[in-house]
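Participant: So the chains spell out like this:
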Amino acid sequence: MAHNFTQADLEAYLDEALPMELMAQVEGALRDDPKLAQQLMAINGRRDAGLHSLGEIWRRHRLTCPSREQLGSFLLEVLEKDELAHIRFHLEVSGCRTCQANLADLKTRRVEDRTIVDGRRKKYFQSSAGQLRRG
Amino acid sequence: MAQAANSDQLLVARIRTGEPEAWNELIARFEGRLLAFVEGRLGRRSAGEDVVQETFLGFLNSLPNFEDSRPLESYLFSIAAHKLTDHLRREGRRPTLPLATNSSGGDWEPPAGGRAVSSIMRSGERKGLEEDALVQALSEQLERLRGKREFQKLECLELLFVRGWANRDVATQLSMSEQQVANFKFEFISRMRTLVRKQGLSEDVFPELTDRT
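Taken in order, these protein sequences are the chains called A and B.
Under our numbering, the residues of the first sequence are numbered 1 to 135, in order.
Under our numbering, the residues of the second sequence are numbered 1 to 213, in order.
Bear in mind the hints are in silico, worked out from the structure with no lab data behind them.
Since this is a predicted model, take the numbers as computed values, not measurements.
The reader is advised that the hints may include incorrect statements.
[Claimed, not checked] Think about it this way: if two alpha-carbon atoms lie no more than 27 Å apart in a straight line, the pair counts; the simulated DSS-like pairs of lysine-lysine are:
#1 B:K198 / A:K81
#2 A:K107 / A:K81
#3 B:K127 / A:K81
#4 B:K198 / B:K127
#5 A:K122 / A:K107
#6 A:K123 / A:K107
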């Protein structure tokens with residue numbers, strides 16, 4: 001079955017970094033298309049062989065991601081028009097999952113019930129603090 | 001960004017000494033964004049919280065190997081991505097790929113020269129140095145464009161390299177001509193090649209730099 005995923009999309013899929021709707025599409029296509037699995041294995045092979053992909057490095061090092069502060073300003077719409085449009089492009093067209101998560105978090109922080117947040121953080125702390133090691 | 005990185009480094013240093021308040025602070029700083037990241041894929045709050053919990057445990061377990069120069073947020077997101085992948089596999093949502101890539105690297109062939117893949121197998125250390133050099137070269141170019149507020153060029157390059165879109169699709173998305181896209185791409189690759197050569201690195205390990213389409 002033919003599909004239209006780019007090589008960069010498949011690399012991002014392996015890193016759980018592809019936009020969510022495309023992640024689901026790749027997962028669906030993988031069930032019917034053995035060639036797609038081979039393509040993904042070839043990417044792994046290329047990585048094992050020590051080759052680099054510009055896009056992978058760019059994404060991993062977040063070279064065009066706005067900072068958390070810039071995302072906050074984006075939310076408040078206090079940036080120049082061209083910069084606002086550029087950040088919107090990064091979130092919506094490029095589909096950066098990490099920045100989308102940061103933005104969602106910033107939005108949630110404005111409205112989420114403090115008791116729920118504190119309860120969640122307490123749970124994380126209690127389940128992991130025992131692993132803290134004295135240096 | 002530099003200020004945030006500094007503050008993260010100080011926080012990690014305190015966690016290394018076993019300070020519970022510092023650990024609490026790290027959780028408070030990052031749990032919301034990590035939860036948003038995994039929850040979008042899982043669709044359920046409780047499963048999302050489990051994955052975030054595993055992420056924090058994973059971080060503490062890997063702390064002895066964590067390099068302080070590495071951005072903390074990216075590191076946490078990469079752990080979350082692994083934990084999320086594992087979770088989706090256990091649920092049967094994410095198909096498992098056959099484990100190994102064999103020694104010849106599957107059906108992949110190097111882009112030029114026809115060398116056997118084994119001949120360019122190199123140490124992780126070497127690969128890390130090459131990656132650092134490429135990051136430096138990329139950052140220089142992107143910073144220069146950002147400084148001149150050439151956002152359309154930045155967007156064009158992001159779609160070409162990070163998303164791997166074809167010139168035609170990029171042109172349509174950004175209301176540019178295909179020729180403009182091709183020119184930006186050519187100019188960018190030429191500069192990158194020069195920067196890579198300057199650092200004494202081989203272009204062969206960066207296949208996109210030898211792509212002339």
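Participant: State for each hint whether it applies.
Facilitator: Do the hints match the structure? See the list:
1. A hinted pair counts as satisfied when its Cα atoms are at most 27 Å apart, and K198 of chain B with K81 of chain A does not qualify at roughly 37 Å.
2. Distance check on the hinted pair: K107 of chain A and K81 of chain A sit about 20 Å apart at the alpha-carbon level, within 27 Å; holds.
3. Pair hint K127 of chain B plus K81 of chain A does not hold up; C-alpha atoms about 40 Å apart against a cutoff of 27 Å.
4. Our distance criterion of 27 Å between C-alpha atoms is met by K198 of chain B and K127 of chain B, whose separation comes to about 17 Å.
5. Distance hint between K122 of chain A and K107 of chain A is fulfilled; the C-alpha atoms sit about 21 Å from each other, no more than 27 Å.
6. Simply put, K123 of chain A and K107 of chain A have alpha-carbon atoms about 22 Å apart, close enough for the 27 Å limit, and the pair holds.
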